[in-house]
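Enquirer: Following the hints, complete the assembly by docking chain B onto the known chain A.
Take a look at the letters that make up each chain.
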Amino acid sequence: MTRWISLGAGFVFVFVLLVAFFAPREATEPDPLKALHLKPRNVQWQHDGPLGFGVLGTFDRAQLQRGYQVYTEACSACHGLRYVAFRNLEALGFSEPEVRAIARQRQIADLDPNTGEEITRPGLPSDHFPSPYPNETAARAANNNAYPPDLSLIVSARAGGQKYIYSLLTGYQPAPPGFQVTPGLHYNPYFHSVQIAMPPPLMPGRVEYADGTEATVEQMAADVTAFLRWAAEPELEARRRMGLATIGFLIILSVLAYATYRRVWAGVPH
Amino acid sequence: MSFPWAQQYEPKTEFTRWLDSRLPLPRFVWNAVGPGYPVPRNINYFYNFGVLAGVALMVQIITGIILAMHYSAHVDTAFDSIQHIMRNVNEGWLFRFLHMNGASFFFIVVYIHIFRGLYYGSYKAPREVVWMLGVVILLLMMATAFMGYVLPWGQMSFWGAQVITSLFSAIPLVGESIRMWLVGGFAPDNATITRFFSLHYLLPFVILGVVILKVWALHIPGSTNPTGIEVQGPQDTLPFHPYFTAKDFFSLTIYLIFFAAVSFFLPNALGHPDNYIPANPLSTPAHIVPEWYLLPFYAILRAFTADFIISAKLWGVIAMFASIILLFFLPWLDSSRVKSASYRPIYRWFFWLLVIDVFILGWVGAMPAEEPWVRIGQAATAYYFAHFLIILPIVSMIETPRRQPNSIAEAVLGPEAVRARPASRPAEGGFGGAMPQPAE
Numbered sequence: 000m001t002r003w004i005s006l007g008a009g010f011v012f013v014f015v016l017l018v019a020f021f022a023p024r025e026a027t028e029p030d031p032l033k034a035l036h037l038k039p040r041n042v043q044w045q046h047d048g049p050l051g052f053g054v055l056g057t058f059d060r061a062q063l064q065r066g067y068q069v070y071t072e073a074c075s076a077c078h079g080l081r082y083v084a085f086r087n088l089e090a091l092g093f094s095e096p097e098v099r100a101i102a103r104q105r106q107i108a109d110l111d112p113n114t115g116e117e118i119t120r121p122g123l124p125s126d127h128f129p130s131p132y133p134n135e136t137a138a139r140a141a142n143n144n145a146y147p148p149d150l151s152l153i154v155s156a157r158a159g160g161q162k163y164i165y166s167l168l169t170g171y172q173p174a175p176p177g178f179q180v181t182p183g184l185h186y187n188p189y190f191h192s193v194q195i196a197m198p199p200p201l202m203p204g205r206v207e208y209a210d211g212t213e214a215t216v217e218q219m220a221a222d223v224t225a226f227l228r229w230a231a232e233p234e235l236e237a238r239r240r241m242g243l244a245t246i247g248f249l250i251i252l253s254v255l256a257y258a259t260y261r262r263v264w265a266g267v268p269h
Numbered sequence: 000m001s002f003p004w005a006q007q008y009e010p011k012t013e014f015t016r017w018l019d020s021r022l023p024l025p026r027f028v029w030n031a032v033g034p035g036y037p038v039p040r041n042i043n044y045f046y047n048f049g050v051l052a053g054v055a056l057m058v059q060i061i062t063g064i065i066l067a068m069h070y071s072a073h074v075d076t077a078f079d080s081i082q083h084i085m086r087n088v089n090e091g092w093l094f095r096f097l098h099m100n101g102a103s104f105f106f107i108v109v110y111i112h113i114f115r116g117l118y119y120g121s122y123k124a125p126r127e128v129v130w131m132l133g134v135v136i137l138l139l140m141m142a143t144a145f146m147g148y149v150l151p152w153g154q155m156s157f158w159g160a161q162v163i164t165s166l167f168s169a170i171p172l173v174g175e176s177i178r179m180w181l182v183g184g185f186a187p188d189n190a191t192i193t194r195f196f197s198l199h200y201l202l203p204f205v206i207l208g209v210v211i212l213k214v215w216a217l218h219i220p221g222s223t224n225p226t227g228i229e230v231q232g233p234q235d236t237l238p239f240h241p242y243f244t245a246k247d248f249f250s251l252t253i254y255l256i257f258f259a260a261v262s263f264f265l266p267n268a269l270g271h272p273d274n275y276i277p278a279n280p281l282s283t284p285a286h287i288v289p290e291w292y293l294l295p296f297y298a299i300l301r302a303f304t305a306d307f308i309i310s311a312k313l314w315g316v317i318a319m320f321a322s323i324i325l326l327f328f329l330p331w332l333d334s335s336r337v338k339s340a341s342y343r344p345i346y347r348w349f350f351w352l353l354v355i356d357v358f359i360l361g362w363v364g365a366m367p368a369e370e371p372w373v374r375i376g377q378a379a380t381a382y383y384f385a386h387f388l389i390i391l392p393i394v395s396m397i398e399t400p401r402r403q404p405n406s407i408a409e410a411v412l413g414p415e416a417v418r419a420r421p422a423s424r425p426a427e428g429g430f431g432g433a434m435p436q437p438a439e
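As given, the protein sequences belong to chains A and B, one line each in that order.
For the first sequence, numbering that gives the first Met the number 0 begins at 0 and goes up steadily by one.
For the second sequence, numbering that gives the first Met the number 0 begins at 0 and goes up steadily by one.
Some clues are possibly wrong.
[What the hints assert, rightly or not] Here chain A is said to cover these stretches of chain B; the calculated rule only asks that three of the stretch's residues, wherever they fall, bring their Cβ under 8 Å from a Cβ of chain A:
(1) 292-306
(2) 380-389
[Stated by the list, open to error] A few chain A residues facing chain B, derived, Cβ under 7 Å:
(3) T1
(4) L6
(5) V15
(6) T57
(7) Y82
(8) R238
Hints were generated in silico from the structure; no laboratory data involved.
Keep in mind that this is a model prediction, so the values were computed, not measured.
Every residue gets a Cβ at the ideal spot worked out from N, C-alpha and C, and that includes glycine.
Isolated chain A (complex conformation) (with noise of 0.2 Å):
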């Protein structure tokens, strides 16, 4: 009985499979983005480790405080990175004042203490990056109706990560012959659309070093890039380090735990 049923289900089951199956599909055209849209190019950061594999890297303090040059000047009027404060700064290597310092410059939204009035103060360590834009209408009112994103879990929010990333900062180039660019937008390939509403943000020259590297466009794309890797994993360096750690601890426990196995089963067969 168990066995006519499950034949049963099964025919029934496969035929109404065979019947999809063989159904005739409507013709697709090919996308036509899908030929002009490139995978992120193929960059290494220092914190990316020896060959790539990100087991030992650790970050370039000194691009990771380009990086949040860049992104102060460059970025920062239209991509807020709320979930970064000023005081988590200390981990590119600024000092206490001078993180105190990048804070004042800073305006920040605040209730006056005694009238309870809307005010702005001058920032704290302990306040976060303060959005460009009051809400996201604002955003989109202000940026031909796109939203410029908040750039503080952009690496990890992202197919291809700090790689695409880099590839997008740099891949804006004029459009192939025949394309027709959208007013408002900017052919960029590396873009799913390939075509996006930001303004390329990078001239060589944006910024003016102060270490004196020079500011081409992909040494201040790999900067800020490697500055919003950190924005989004600033656990990172932390992390390899307890990994490394615990895998070692577990190899000498392994090794312990198989010469155990191997002593309790001594002359057992099995």
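Expert: Just chain B now, with coordinates in the frame of chain A:
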């Protein structure tokens, strides 16, 4: 607990004697996972995955309890509270990554455990209930994992919840009402996140309860083994402690190395980047995909594209649930009395085909619903159902099994050794082997 020759617990100290006659907890543990539990001596490393699954469950419960202390189940704050855990809570990132990847590893371990059971016929008499409790655990795990994935309230959380709960609306007449009852509104919202959090905290303890029942049921006949022959006498078994505690501990350290490697060095590799974007009900992601461990079932759901008497969507929903529910009936679908696929020349081929088929389903599940993936998914889904519902019942009728050894001891030690060292107690014979004693 299970076999007459099992070692007996004897309290050694004044205190344990006192305790044994009042609360015999040490005796219970001793019989459950100590020297009092005889285990077939020839089980291989694939038999370690049951213990590993238990460890994986405990890792989820412990890390989960810690995360729940800092998580905030509200649409306005859930996403931020995850970042709070990642950035401000001491070692918060560690607990979150262990919990995130711990779910994946739990599924890896359980899937290997299930395929082990399929290969060695662990679902057959007298272990049907052990198997069926396992299927219950799998269903509970899927529900728990799905609800857990919703909690961070990222884009995939929201849209995954939207897609999965809308499956219920395929049920005729009452479907839409059921869907709204489940999510607590027209679309996933605050009512959804709070109930999912509540259930996500509850279900692991339900799983733990079912695990206890399962281990209890297992201890009556004991484990299967690679020969598929039942235990017949003391020469076939070794006490769980120290033999299998030592072996399990070694395999646990290897498991933890893999777990640590992924959690520390590739913590986001098994997740989806879109879940780092806060949920936005107005913006649908290009591809909505569930977590990797649900992909084969997602492929089955999407394989049904043709209306036939009922809508394609309803077929998909029925098939997706049927693909797991049918496992409950497996002990009766496979009527072969030979347990181990090692002695089943035809079944063995189909077993490996099924393994490949499930990998194909998982891969198709991750792909967009375009050709050729849809057709591949349909063929693979057809094989999945054909395997369990058509091939297995027929193969188990027509197959001539290979000759099996007479006993585990013979398989391990060779026939001479067994003849030279007769069993201290005559095998009680018959197909079922030794009569198991009920657990205490």
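Enquirer: Each hint needs a verdict: does it hold in this structure or not?
Expert: Do the hints match the structure? See the list:
1. Only residues whose beta carbon comes within less than 8 Å of a beta carbon in chain A count, and the stretch 292-306 of chain B has 4; three or more means the coverage holds.
2. Under the rule that three or more residues need a Cβ within less than 8 Å of chain A, the assignment of the stretch 380-389 of chain B holds, with 7 such residues.
3. Interface restraint check for T1/A: the shortest CB-CB distance to chain B comes to about 5 Å, inside 7 Å, so the restraint holds.
4. Hint status for L6/A relative to chain B: holds, with the closest Cβ pair at about 6 Å, below 7 Å.
5. With a cut of 7 Å, the hint placing V15/A at the interface with chain B holds, because the nearest CB-to-CB distance is about 5 Å.
6. The beta carbon of T57/A is not positioned within 7 Å of any beta carbon in chain B (closest approach about 14 Å), and the interface hint is therefore violated.
7. Because the smallest distance between the Cβ of Y82/A and any Cβ of chain B comes to about 5 Å, under 7 Å, the interface hint for this residue holds.
8. Hint status for R238/A relative to chain B: holds, with the closest Cβ pair at about 6 Å, below 7 Å.
In terms of the numbered hints stated before, the structure departs from hint 6 and from no other.
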